[in-house]
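Enquirer: Sequence:
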Amino acid sequence: MNNHATSSHGPVPFELYAIRYANHSNRKSSDNIIGGDLHEEGSDLDYFVWVARRAEEVFLVDTGFGKDAAAQRGRTLLRTPAEAVKLLGIDAAEIRHVILTHLHYDHAGTLSDFPRAQFHVQDSEAAFATGRCMCHEFLRAPYDVEDVVSFVRHVYADRVKFHDSDVELADGLSLHRVGGHTAGMQMVRVWTKRGWVVLASDASHLYANFLSCKAFPAVYHLGELLEGYGVMERLADSEDHIIPGHDPLVMRLYPAPSSDMEGVIVSLDVEPEKL
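Residues in the sequence shown are numbered from 1 upward in steps of one, following the numbering used here.
You may find that some hints are simply not true.
[To be verified] Simulated crosslink set (EDC-like; lysine to aspartate or glutamate; CA at most 20 Å straight-line):
id	residue 1	residue 2
1	Lys86	Asp44
2	Lys214	Asp240
3	Lys28	Glu15
4	Lys86	Glu15
5	Lys67	Glu83
6	Lys214	Asp44
7	Lys214	Asp31
8	Lys28	Glu57
9	Lys274	Glu239
10	Lys193	Glu15
11	Lys214	Asp37
12	Lys161	Asp260
13	Lys274	Glu233
14	Lys214	Glu224
15	Lys193	Glu56
16	Lys214	Glu40
17	Lys274	Asp240
18	Lys86	Asp260
19	Lys193	Asp240
20	Lys67	Asp171
21	Lys28	Glu40
22	Lys193	Asp171
Note that these hints are calculated values from the structure, not bench results.
Here the structure is a predicted model, which means the values were calculated and not measured.
From just these sequences and the hints, can you work out the full model?
Expert: This is the structure:
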């Protein structure tokens with residue numbers, strides 16, 4: 001890509017949004033933290049995709065899941081990501097760049113809803129999701145075989161851009177492989193009007209994971225996951241600039257861009273309320 005929007009003071013900042021599209025409730029602490037109490041109530045999970053926008057540049061981060069996956073896995077689907085981006089005036093059919101942080105069912109479903117997009121993924125994630133590790137039920141459980149098949153079809157259609165570790169996609173937007181949760185888990189670093197914000201995605205499901213250095217139970221490489229907390233803290237301007245992948249607190253800490261987006265979309269390029 002050669003979209004390098006700059007000003008005399010550095011990159012032109014992106015608008016940055018979190019879009020809540022689904023929810024999972026009635027969880028236990030042990031569902032969210034390794035070593036959590038089986039009898040203690042745990043945080044709900046919200047499911048998000050994210051949008052970074054700067055003038056005509058639009059990057060969608062992840063593609064969520066659809067009705068079939070919601071029914072099969074007992075999740076509450078509130079809206080599809082393709083439907084939700086319309087509230088930002090974005091036509092899913094016109095999005096050209098989609099970043100897949102990893103290929104789990106809740107981050108890489110509904111690819112067909114974005115028919116003009118190029119999908120950005122780590123080499124190691126594609127190898128992991130289609131290789132020998134998928135012979136183990138624990139590791140393949142968060143993947144959906146039809147989503148992975150769809151991804152491979154997009155590879156054969158020349159619609160996937162592979163990356164190896166860290167890469168700058170545009171001036172002020174870069175990808176950073178941390179692994180841990182999956183072999184090719186990547187975070188997204190975005191320059192905004194409040195500084196560098198890191199979309200951690202599932203490198204940290206909840207604020208509690210990285211703030212207390214306690215891992216979410218769905219993990220491939222525990223050492224990489226724990227080291228990843230330090231990576232996100234170095235990439236972000238502060239802890240307040242790290243956005244976890246599934247924490248309902250995100251919807252409380254950040255404001256909606258307008259009243260018609262309340263409960264659906266929040267702006268991440270403004271200062272949050274304090275935790």
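Enquirer: Hint by hint, where does the structure go against what was stated? Just the numbers, ascending.
Expert: 1, 3, 8, 12, 20
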